[in-house]
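Enquirer: For reference, the chains in residue letters:
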Amino acid sequence: MPSLGKPVPHDSAVGHVTGQAPYIDDLPTLAGELCVGFVGSPVAAGRMTRVDTGAALAVPGVVGCFKASDVPGKNSFGLVVVDEPFLADRDVLYVGQPVVVVAATSPAALATARQKVRIECQESEPILDLTESIRRQKFLGPRRRIARGDVAANLNTAPHRLDGVFTTGGQEHFYLESQAAIAYPGEQGQMVVHSSTQNPTEIQAVVAEMLGIGQHEVVCICKRMGGAFGGKESQAAIPAMMAALVAHKTGRPARVVYSKDDDMRVTGKRHAYRCEWEAGFDDAGRIQAVRIAFYSNGGASTDLSLAIMERTLLHADNCYFLPYVELTGQVCFTNLPSNTAFRGFGGPQAMATIENILESIAEHLKIDAFDVRQRNLYGGANSSSSTPKNLHSEDQERIVTPYGQRVEQNHLPEIFATLAAQSQYRRRRVEVAHFNVSSPLFVRGLAMTGVKFGISFTTKFLNQGNALVNVFTDGTIQVSTGATEMGQGVNVKIRQLVADEFGVDLHRVVVMPTSTEKNNNTSPTAASAGTDLNGAAALRACRTIKRRLRRFAALRLADSQAGLAPSSGHIEFRNDQVFDRRRPSEQIPFSQLCDEARRERIDLGARGFYATPGVDFNRETGQGTPFFYFTQGAAVAEVQIDRFTGELTVPRVDLLIDIGRSINPGVDRGQIVGGFIQGLGWVTTEALVYDARGNLLTHSPTTYKIPAVTDVPEVFHVATFDSRNRVPTVYRSKAVGEPPLMLAISVWAAAKNALSYVAPGTPNDLQLPATGEEILRCLTALGAKRCPLQSCSPAAPLDSHALNS
Amino acid sequence: MLDHFLVYVNGIRHEVRGGDAFLSLSDYLRRVCSMVGTKVVCSEGDCGACTVLLGRADDDSPRLVYCPVDSCIQFMFQLEGTHVVTIEALGSSSAPSDVQQAMIVCHGSQCGFCTPGFVMAMTGLNEEREALDEADLRSGLAGNLCRCTGYVPILAAAAQCSHSQRGQIAELFPAEPMLAEFRQRRKQAIEIANERDGRRHVVMSPPDLHSALVMRHAHPEATIIAGGTDIGVRINKSNLLPQKIIDLNRVPELESLVVDRDVMRVGARTTWSAVERACETRVPEFHQIVMRFGGPQIRHVGTVGGNLANASPAADSLPFLFAMDAVIELTSVGGSRRVPITEFYSGYKQFDLRPGELIACIEVPLPADHELLRLYKISRRRDLDIASFTAAVRVQLDGEAIQEAAIAFGAVAPTVIRARRTEAFLLGRPFNEDTMRAAGDVAISEISPLSDIRGTADYRRQLTRNILLKFYHESQAAAVPA
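Residue numbers (the numbering used here), protein chains in the order written: chain Z, 1 to 805; chain R, 806 to 1287.
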């Protein structure tokens, strides 16, 4: 029975629910194994004057304390720019930056020893704030720019102009399994590292460089992660290096498992942004020209910040055609842990910015924001009366992005129209307006926002994947790819692809732990492309084996007496059987064919390799075709705000998303709902608070609030958009990991919309996240506290929001 | 005097001695028993990943009552006479339990790290109550965080098995043999000492109030633990175990709950889940606040006395107790005394508990039918959060005029406070928007808020100013028939 398209449970579901699926810290302890931890910088900026490990070394059970000077190879690393120290040597760049690695025989001894390490510093004034970093021009990497046309002139001639500064907050990944690694020392200096990482190849490379050995002497294995969300794309490196350093120095297995507090304090997060914008638009709200300068809080080193900023610029348009546009992006240095990849990878900040602009335009013109958005959609307004005449003809179609890629298979207008109908947007708009004039306690808001998310790494070379498929003589199959399983279900999808390719039952296929020993030079499992790349590579490996088996089966099933000449082209693999289509009654069990094939010395193992075709982007010119395709969708959120406390609830959400033909609707639905709720956290309750010296104060779930089960909207309609995907992806599926997160921007926009009812005509400057405190700040500024009912006496006419609906 | 604790784990008898007695339950399970199905994430009872079921004797009934608790902040010395049930005791891969099967088919797990905790919490819910509705499931799972699924598939799984038969755990593990053994030891004191890092730690577990008071008198410096939901966090985060501990978990006299027509009397060791049940119909306004007190796992062990003695200005229960003029009863070998709660606290974490005294109980006058009472908790997240601001407003009207007002604020001063000047301002004035707006201005002159993780001082001032207006409008809305 084919499994593709079916909601097969997660590969490890049974292991998860029984507690039998092991994570790093669940692996059995080996004799002599050491517990590893670290002691970090006490200050955010400064120079170390003394590091004293004497008292720590005296603690019974402590085996060693290691510093930068103990690193045999390179002490710095970085995926793009090699500017991140493994262990701080002299200067310290953020609070908690690892300085000393401590190894002990028990967790208790380790805990005691860590408290006894003394690090003294000459503290200097840290840069913690984006504005301060901009003022002092402390930047990481060059400024990036994507532009089209004469923006200044078109801003000047636009009938309306608005500008503003919009800030978005950072976000902690809050993967439940904190960073963890175990290193097992091998023969002749070799090393095996088990790491909770999205990027085993990177772990292999940094461990090799740190130890001063070849990559061929290091194996990195990842069976599963207890969540990652981008936080283990680059930042699994330091803990893995700690374990490897101890294993190398002591010759004993070494295990490091960060506590949740340590993890939150010292690892990077989603970048906070400052976005300075200016927009010119016509009476209908159609954008004529827009200029946005993005500044991201990069933290203390480059990490992936440049690629993240690149994706920001590539998503500042989101679903909307921007005729004249200038987008610039600059990563800023701050004395904080280096910020890093997080689901959406710069896209959320960009999309929130343009959605804020559109919401502001709607408020300014007193037009329903839905109409403003629809008029600005790619391909959404064929009557291009307001489209400037001097654009190229294809721009008249309003279909080309600022970076020159055409939005092919553009479903946005249809998605917006369909969702508006399904969610009864127009009727509810009227209801919201009525509610708001009659409720003294609450004010409601409604908003639809869209998502057009580009799929592919914008760094071209990463768009590759390889797979190893081994078929055994009982007809069972092992698949190994570079994809890592972090909960997103890539393993079960690959298993389904392979099982169906061989026409065998799902139980015959097992996806093996990801290991650099089997799959070399892999890309991180990221950019939503895990299945696209690795699934395609696995299929290619399967097809190589099938080609060999077909040839063999053709001979085996041929019957010269019956006039059946051998023909590979007629061989079918189905229902665990192999047969010639011309005589389907004659079948060989797949297992038997495999066994016989081996006896005929036919190779039953193969590698598959896949490189995404056609993608290319020139970051110097800001032009190209960075994406293989776009995942598109939209969401409508309704929110309710307490007029007196600013408390926000989300009673209803409707979303519609195009994910192509789904390999596994159960898994994909999980990605959609999970991504949305994670985005809900980013736009509402998740706020990072630092003190003036750069200490993160919100370093555990007591103080950092991700959504809980009671934050899930009571009414939550999730639908997928039915379209024929013409892009040649595996099974014609579309990437689903990141895009749904950004649908939650609708919740933020609805909050902003609600505020527009409080004092109609007065703009609000709601920032992101819209915490209760932030909303109350806006309510207070709007004068709501003084006269909450002044603008809503039932006798007053409905405001223009309702009249225009 | 016994030198060990007796704890059953998945039906297996464990005598817990020496250093093991000072381990958290999650460490004991993972490190001593090598049962790694139970996951640890936050070590502070704020995520539910480490949830296990704790079976405790229910008076003299021949059964154990199972409820979900966070094993990261339960310590072995608190667990004498209990049966711990972990994920390992439920179904196997070949024969998963109802809850496990529902989680599999509903795609309730993604990364899987929170999953054992959710499975245990759901199993516990099914043990406690029959026929759970969506609201029960949401509040019942509010103590567990998941970062992957967005909870929707987990709720679907919970709904799928919400009509499962109760008592499945009791069926797996017959209670009587365990209870028989527990009963034999019930009257015996337990004391364990252990050396660690050159420091000596002692835990004393008195079996009755008299011996507890004698110990308290002899060791006034000892840390008192009952539910341990605050002290447990401190032990985990600072790597600092108190040197002397008196554990009150086995003192029966401190566990009581009587709700009369106009007064509620609650023993100090009574858990919040017991209060939650008792208040549901009689004091619904307090019930809705108790329901937001930590998560279910916390309420199953956290005690009323613990909340009083933790003395947080943001404590969820205190504004109500202040506004109702509750009275605390303190007891020692020398006798008892009663202190109004409004006089109990003198400064940040300072309170009138003398050496040798224990909090015995609290007596809370209940609101009369004609009184208006509203309790407020403003937090960043609705559930499983510590308040940024709390308030209790109780008003009695005489016609249009305010005859009596009691207003308490939390998280805006070093202690919870009664806003006496605001109350005085309100007396005799008409209950209307103008009065309440003006009262808000008086109220902010009575508070001294700080800026901290949970909000700026300005935010707290805005809330203080607005909450009385909100109270007014809510009263008006409640008065108008829907």
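No wet-lab data here; the hints were simulated from the structure.
Accuracy of the hints is not assured; some may be wrong.
To be verified - Capping the alpha-carbon separation at 30 Å, the derived lysine-lysine pairs in DSS-like fashion look like this:
hint : chain 1 : residue 1 : chain 2 : residue 2
1    : R       : Lys1154   : Z       : Lys116
2    : Z       : Lys249    : Z       : Lys74
3    : Z       : Lys67     : R       : Lys1154
4    : R       : Lys992    : R       : Lys1154
5    : Z       : Lys116    : R       : Lys1049
6    : Z       : Lys249    : Z       : Lys67
7    : Z       : Lys67     : Z       : Lys366
8    : Z       : Lys249    : Z       : Lys223
9    : Z       : Lys6      : Z       : Lys67
10   : Z       : Lys116    : R       : Lys1042
11   : R       : Lys1049   : R       : Lys992
12   : Z       : Lys6      : Z       : Lys223
Stated by the list, open to error - Residues of chain Z clear of chain R, computed beta-carbon distances all greater than 12 Å:
hint : residue
13   : Ser12
14   : Gly19
15   : Pro28
16   : Val81
17   : Asp91
18   : Gly186
19   : Phe229
20   : Gln422
21   : Arg643
22   : Gly675
Values in this document were obtained by computation on a predicted structure and should not be read as measured data.
Ideal placement from N, C-alpha and C gives every residue a C-beta, glycine not left out.
Enquirer: With reference to the structure, classify each hint as holding or not holding.
Expert: Evaluated hints:
1. R:Lys1154 to Z:Lys116: This hinted pair holds, its Cα atoms lying about 29 Å apart.
2. Z:Lys249 to Z:Lys74: With Cα atoms ~15 Å apart, Lys249 (chain Z) and Lys74 (chain Z) stay inside 30 Å; holds.
3. Z:Lys67 to R:Lys1154: violated, 41 Å
4. R:Lys992 to R:Lys1154: The given pair, whose Cα atoms are some 34 Å apart, is violated under the 30 Å limit.
5. Z:Lys116 to R:Lys1049: holds, 23 Å
6. Z:Lys249 to Z:Lys67: holds, 12 Å
7. Z:Lys67 to Z:Lys366: Status violated; Cα separation ~62 Å.
8. Z:Lys249 to Z:Lys223: holds, 26 Å
9. Z:Lys6 to Z:Lys67: violated, 52 Å
10. Z:Lys116 to R:Lys1042: holds, 16 Å
11. R:Lys1049 to R:Lys992: holds, 21 Å
12. Z:Lys6 to Z:Lys223: Given pair Lys6 (chain Z), Lys223 (chain Z) holds - Cα atoms ~24 Å apart, limit 30 Å.
13. Ser12: violated, 6 Å
14. Gly19: The claim breaks: Gly19 (chain Z) does not keep its Cβ more than 12 Å from every Cβ of chain R (closest is about 2 Å).
15. Pro28: violated, 8 Å
16. Val81: It holds; Val81 (chain Z) is separated from chain R by about 30 Å at its closest Cβ, greater than 12 Å.
17. Asp91: holds, 29 Å
18. Gly186: Non-interface label on Gly186 (chain Z) holds, nearest chain R Cβ at 25 Å vs cutoff 12 Å.
19. Phe229: violated, 7 Å
20. Gln422: Nearest chain R Cβ is 18 Å from Gln422 (chain Z), so the label holds.
21. Arg643: violated, 8 Å
22. Gly675: violated, 7 Å
Going through the hint list in order, the structure does not satisfy hints 3, 4, 7, 9, 13, 14, 15, 19, 21 and 22.
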